[in-house]
Amino acid sequence: MAKLTFTGGIHPYDGKAMSKDKPIQDIPPGAELVYPLSQHIGAPAKAVCAKGDRVLAGQKIAEAGGFVSAPVYASVSGTVKAVEPRRVVTGDMVMSIVVENDGLYEDTGFYPVAPLEKLSREEILDIIREAGIVGMGGAGFPTHVKLSPKEPKKIEYVIANCAECEPYLTSDYRRMLEEPEKLIQGLKIILRLFENANGILAVEDNKPDCVRLLRQLTRDEPRISVKALKTKYPQGGERTLIYAVTGRKINSTMLPADVGCVVNNVDTIVAVYRAVMEGRPLMERIITVTGDAVAAPGNFRVKIGTSYQDILEAAGGFRTKPEKIVCGGPMMGFAMFDLNVPSTKTSTALLGLTKDEVSAMEPGPCINCGRCAEVCPGRVVPSRLADDAERFEEQAFLDHYGMECCECGCCSFICPARRPLTQEIKSMRKILLAKRKK
Amino acid sequence: MSGLFQVSSNPHIRSKATTAGIMLAVIVALMPAAGYGIYHFGPRALAVILVTIASTVLTEFLFGLYRKKMTITDLSAVVTGLLLALNLPVTIPLWMAALGGVFAILVVKMLFGGLGQNFMNPALAARCFLLISFPTQMTAFDCDAWTGATPLALLKAGEQVNVLDMVWGRTGGTIGETSVVALVVGACFLILLGVIDLRIPGSYLVSFVLFVGLFGGRGFDPAYLSAQLAGGGLMLGAFFMATDYVTRPITVKGQYIFGVFLGIMTGIFRIFGPGAEGVSYAIILGNLLVPLIEKFTMPVAFGYRRGGARHAK
Chain A
0 MAKLTFTGGI
10 HPYDGKAMSK
20 DKPIQDIPPG
30 AELVYPLSQH
40 IGAPAKAVCA
50 KGDRVLAGQK
60 IAEAGGFVSA
70 PVYASVSGTV
80 KAVEPRRVVT
90 GDMVMSIVVE
100 NDGLYEDTGF
110 YPVAPLEKLS
120 REEILDIIRE
130 AGIVGMGGAG
140 FPTHVKLSPK
150 EPKKIEYVIA
160 NCAECEPYLT
170 SDYRRMLEEP
180 EKLIQGLKII
190 LRLFENANGI
200 LAVEDNKPDC
210 VRLLRQLTRD
220 EPRISVKALK
230 TKYPQGGERT
240 LIYAVTGRKI
250 NSTMLPADVG
260 CVVNNVDTIV
270 AVYRAVMEGR
280 PLMERIITVT
290 GDAVAAPGNF
300 RVKIGTSYQD
310 ILEAAGGFRT
320 KPEKIVCGGP
330 MMGFAMFDLN
340 VPSTKTSTAL
350 LGLTKDEVSA
360 MEPGPCINCG
370 RCAEVCPGRV
380 VPSRLADDAE
390 RFEEQAFLDH
400 YGMECCECGC
410 CSFICPARRP
420 LTQEIKSMRK
430 ILLAKRKK
Chain B
0 MSGLFQVSSN
10 PHIRSKATTA
20 GIMLAVIVAL
30 MPAAGYGIYH
40 FGPRALAVIL
50 VTIASTVLTE
60 FLFGLYRKKM
70 TITDLSAVVT
80 GLLLALNLPV
90 TIPLWMAALG
100 GVFAILVVKM
110 LFGGLGQNFM
120 NPALAARCFL
130 LISFPTQMTA
140 FDCDAWTGAT
150 PLALLKAGEQ
160 VNVLDMVWGR
170 TGGTIGETSV
180 VALVVGACFL
190 ILLGVIDLRI
200 PGSYLVSFVL
210 FVGLFGGRGF
220 DPAYLSAQLA
230 GGGLMLGAFF
240 MATDYVTRPI
250 TVKGQYIFGV
260 FLGIMTGIFR
270 IFGPGAEGVS
280 YAIILGNLLV
290 PLIEKFTMPV
300 AFGYRRGGAR
310 HAK
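Chains as they are written, first to last, in numbering that gives the first Met the number 0: chain A, 0 to 437; chain B, 0 to 312.
Errors might be hidden in some of the hints.
As the list claims (entries may be wrong) - Below, computed lysine to aspartate or glutamate pairings styled on EDC-like, alpha-carbon distance capped at 20 angstroms:
no.	chain 1	residue 1	chain 2	residue 2
1	B	294	A	356
2	B	15	A	356
3	B	15	A	373
It is worth saying that the hints were derived from the structure and are not from the lab.
Sequences are here, hints too, so could you generate the full structure?
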């Protein structure tokens, strides 16, 4: 059988061996937790607490700022120390709620709204929206918006993105091995929203144990199947994933729903399960802490808002001084200059690399080898786009499909001349997107 | 601020491939052809090769000094020098070989902006420059190893040639073009490494055979066709010159069109032209068409239809 995959892509060193066999551990949060009001795509949340307020774990501290937005919950009990701009992973200052942890972990008490069978479609969506769930694979698009397409009857596939194609990351892998029933039950909840849809658990074939386990557990689920995908980065990108699983193609101007698909990441689906079945809002997530500079790589259940410094200390700190630390995977993650920034709903990993092979690289001239075009999953010619971006030729950039770039990083990875192709295209896109908003 | 870490844009890992590595692979792949040339034509072939490479590298070095930007470490000048030498007859005066090297690097490459900016293959452009400037010396193929006309010239005159000798390279011609075996061994090495692929050589050779079969006046006579394939600079050109990254289209479709164009042009030059050979001119002409070919073959992005809207709004 031909393997399910896409055209383009790369096979980087995957580095997963360091942490894949480490069971998920709980780590205690530090003394201070920071909750940025913008942890998602869309309008920032609005704080509903003030300095001096005592809050409990599970208490809503900020409400959604619009339909495309998500509320934020305290993940510990304590006192609101400040509502002020704080630095986040990207280096920006973002309005945040700062909570001093009292170490008591008092919570509001969690109860499911009603048994699943009694819940209507609207009630399920309400619970998901109220729980503050956003796409936890990294993009942070509010999940209730994703699950509310114009014509729910036209959705044919609900795809669970279990690809985890980013090198080094193993949090989804551990989640699938340790809590597969929550993932499957979460998928079943989402399937209740789409009566004509089938559920697909799409796993890269470098995780055969997950494929086997999930197949076994879904044997009696007529609406759910498990599909093994060829291991290739970026197999877990939304567009590449939909294509691999269904053969349907979407471009940047379309939504998955346009081709009858809804895609959600493993952690997001488990968050849906916890919100609907246990009544718990989104307060924690799994983060992989790994890299050759980290003393004890592993996978950790983290209270959202915990600073990376505290997370790192829980993983035993650095073995050697790292040159670079990355929030997220090595292909799409952000390099951080400081560890004193909070983890958020979309934090997937903390990577400590002893050698920064990239910053010191001298880019050379393009020799037109075409490798970037060969690996680009968007099927564009990155070297030409980077030229357009360098010259700031807006029309040429658009005509060469510059807006189709998903910033996966394959072109920069493969470029023998070491050109920062992704960076140049990314910057140009940012400028043009900002222009479009005006 | 010493506690801060380094930052840069994603991705944070890179593949091992480098420009110099690719150039080195091409140099290694040309070794069988160069080695055979030295074996077949004698030590003077080695002298021509060394002089030409010294000339290209030195030219790039001096230009680098002048522009305060040293680029010889990317090895591309060595590749150009080696390719040019393999395209020269063994009897060429050494100063001419050196002049060719200077022309290739200075005029064709550096004056247009250096590596990646030249619109013609520097080695081939230099060969054509020498061919026009010194036609007698550039076509003097009589030497110790071979006297008389080249197989292609014999073929054009309607005489018999020994195809097996041509495949091994026991014929007259330029230093690196005679041995099909040596060239194909090198090409296989590059294909296995993924440095080149068969798109351009394949479409080049297939369209050439079809053209010569249809218009060569000898029909699809296997002996004639294989002599045409094995003769002259076709193998060297198809695998090592037409595949030059900088001067071939970057688009996949464009590469096929480019290959077919080269095949047809080589056929036209060989059959209807005054000379027996046509590979160099065909490739150089093809190089000039690359921007046009690319313009019409730019790929359509994932999820779009050809001719449809290209972006939102």
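Structure-based check of each hint:
Simply put, residue 294(B) and residue 356(A) have alpha-carbon atoms about 35 angstroms apart, too far for the 20 angstroms limit, and the pair is violated. For the proposed pair residue 15(B) and residue 356(A), the alpha carbon gap of about 11 angstroms is at most 20 angstroms, so the pair holds. About 17 angstroms separates the Cα atoms of residue 15(B) and residue 373(A), which keeps this hinted pair within 20 angstroms; it holds.
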